[in-house]
Structure formats: structure tokens, C-alpha cells
Amino acid sequence: MNKYCVNGYKFQTEEVSRNKKTNNSGVHIQCDVDGIGQTIEYYCVIHEIIEVRYSGWPK
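So for the sequence shown, this note's numbering puts the first residue at 26; every next one is plus one.
Careful, some of the hints might be misleading.
Between beta-carbon pairs, the in silico distance windows are [what the hints assert, rightly or not]:
#, residue 1, residue 2, range
1, Asp-57, Met-26, 28 to 34 Å
2, Asn-44, Ser-80, 36 to 42 Å
3, Glu-66, Glu-39, 18 to 24 Å
Keep in mind the hints are simulated off the structure, nothing from the lab.
Given the structure is predicted, the values throughout are model-derived calculations rather than measurements.
The C-beta atom is built at its ideal place from N, Cα and C for all residues, glycine as well.
Produce the entire structure from the sequences given, and follow the hints as far as they go.
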């Protein structure tokens, strides 16, 4: 997929954003590493969007 909307947020690949005035292809993720407050931050650009569906979930 080139675009995807989830929980009120719109994501698109870098290729789709390239020639537009606005850009929604950047991603920032902050995660707790050890449970005591040490965090790691990831910055990335979306190159591909894959939707995964699990049958029978959620129940």
C-alpha cells in the first residue's frame, strides 16, 4: 500500500509524499528499554506499508 489511515492518523510512503506540499512519511518511535525509564528513540521514513490481519483476533 502507498497510503493507510488508522486511529485518525494518515500515513503514506516517501514516494507518495515526494511531490506534495505536506509530508506524512516520517515516523518517530520512543520505547522503554529496561522498564526503569531508559528509552531509545527511532526516526525513520516509511518506504512500504504492509497490512497484517490475524483471523480470529480480537475475540
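Checked hints:
1. Asp-57 / Met-26: 28 to 34 Å: holds (29 Å)
2. Asn-44 / Ser-80: 36 to 42 Å: holds (38 Å)
3. Glu-66 / Glu-39: 18 to 24 Å: holds (20 Å)
Violation of the numbered hints given earlier is absent; every hint is satisfied by the structure.
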